[in-house]
Amino acid sequence: MDRNAQEELKAHLMQTDEGFRRLVNEHSDLAHKLEDLASRPYLSEQEQIEEVRLKKLNFTRRIRSRRY
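To convert, note that position 64 of the sequence shown is 64 in our numbering; the numbers rise steadily by one, no gaps.
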């Protein structure tokens with residue numbers, strides 16, 4: 001499937017499928033949280049653990065959204 005067809009399918013699913021829309025929004029929220037952590041010069045031990053947890057969640061959301 002070419003890039004344009006993928007974008008059209010994603011747009012269609014965003015409009016018609018609540019589950020897909022939720023996954024994409026969760027993925028976006030996690031990405032923003034990860035960007036915030038990445039912008040810090042130093043992470044505490046707890047923040048490092050949180051970063052790993054967020055990366056794992058973000059990965060699973062991305063994989064689940066691609067299964068649509």
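Hints listed in this document are in silico derivations from the structure and should not be mistaken for laboratory results. All C-beta atoms in this analysis are idealised placements derived from N, C-alpha and C, irrespective of residue type, glycine included. Treat the hints with care, since some could be wrong.
Derived lysine-lysine pairs resembling PhoX-like cross-links, with alpha carbons at most 25 angstroms apart [stated by the list, open to error]: (1) Lys-33 x Lys-56; (2) Lys-55 x Lys-10; (3) Lys-55 x Lys-33; (4) Lys-33 x Lys-10; (5) Lys-10 x Lys-56.
The following label-pair restraints were derived from C-beta to C-beta distances [as the list claims (entries may be wrong)]: (6) Arg-22 x Asp-2: 24 to 34 angstroms; (7) Lys-10 x Leu-57: 32 to 42 angstroms; (8) His-32 x Glu-7: 33 to 43 angstroms.
Q: Determine which of the earlier numbered hints do not hold for this structure and return their numbers in increasing order.
A: 7 and 8
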